[in-house]
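Start from the sequences, fold in the hints, and give me the full structure.
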Amino acid sequence: MAAASTRYILICSGKGGVGKTTLTANLGIALAKQGAKTAVLDADFGLRNLDLLLGLENRIVYTAQEVLAGSCRLEQALVKHKQEPNLALLPAGNPRMLEWLTPEDMGKIATMLGDSFDYVLIDAPAGIEGGFKNAMAAAKEAIVVTTPEVSAVRDADRVIGLLNTEGVKPIQLVLNRVRPKMMANQEMLSVGDVTDILALPLLGLVLEDEQVIVSTNRGEPLTLNGTKSPAARAYTNVAKRLLGEEVPLIDPSKERQGLRAKLGRLMQTKIF
Amino acid sequence: MTLRDAINKLLGRQPASANTAKQRLQLVLAHDRSDLNPELLQQMRREILEVVSRYVEIDLEEVDMSLETEDRVTALVANLPIKRAKALPVQAQADQPITPEAPEASEESTEFSAKISSTTSL
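Here the protein sequences line up with chains A and B, keeping their order.
With the numbering used here applied, the first sequence covers 1 to 272.
With the numbering used here applied, the second sequence covers 1 to 122.
To be clear, the hints were calculated from the coordinates, so they are not data collected in a lab.
Okay, derived cross-link-like pairs now, DSS-like style, lysine-lysine, Cα gap no bigger than 27 Å in a straight line: (1) A:LYS169 to B:LYS22; (2) A:LYS133 to A:LYS108; (3) B:LYS9 to A:LYS270; (4) A:LYS262 to B:LYS9; (5) A:LYS15 to B:LYS22; (6) B:LYS22 to A:LYS262; (7) A:LYS37 to A:LYS169; (8) A:LYS254 to A:LYS240; (9) B:LYS22 to B:LYS9; (10) A:LYS133 to A:LYS37; (11) B:LYS22 to A:LYS254; (12) A:LYS169 to A:LYS133.
What follows is the structure, given as structure tokens:
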């Protein structure tokens, strides 16, 4: 595998709970399904969850910690996904590792993964402190996840500032948990509001979808079974766009049909 | 203003919150990105006014100075309505050797608008 062409993508948000890990898991599966050899690296050493969302929590033997210490080979620590053999997880080590882990260590792990994978997705921890900076060191480009809420957008802005300083680029945006009805009622920041404020190109738009919770309950990402749910489609489209395919973004205002939706659109008419 | 806002206003309801959210965000981000706290901003405002007042008489009631942000560029936008130019050119002071040309005095108030921009790299 040509290590030079490997893409190292940081998935980050600043704020917690906006959907970083869910995006990492779904994107990992979706990329693997498209034939790209993909590694997902859980860089959230404090509160790791990527294993759980992928349903791999019972199959972890070694972690990034043993790999760095040299007490096991990288291949031994990687957990291959059963249904999707193109995908492998490198589990986060013990939280105590945070005391000595350096950005160089993370860079080393990422380079090792680059030898055998086309895509390395790095699931960053929330916050902008040491753990995030370690994760950032392993990445060349970034996907910033945010929701249309003031706190999430503000935190995303801080993260974008740090990414710019470190020269991580391109930086693309995934807007998560969009509620078309609230947007139509102008009770939620619009897609345009968020992209204007953050000044990033939009890589994906994911509607609020209860199926996400169902899928995390089961440890089977939505993209795994090709379900028809709106979020599954959105995550798959993000993967396709990363692979260079042109897939049009959905228009949240067109997601709702009928008289009420039409009325909602009429109400948005600017009168002066 | 959108049709919804107009109806909400007529019915005495609160306006839809998305616009409020956007405005609050733009303001808070301008401060986050520039890393200036309100106190420093006040001090800068005072000092800018002090300098400009040496040359022209400013309508202090109408002064508007704020941080605005667009496309990740934060700008200090100052709008300083001028009542009249000072009659005499300001005496050059020791620490300030350059005396600009005195602007022509005019009856009508003119506006002095300055924009200092910087790309944030926080």
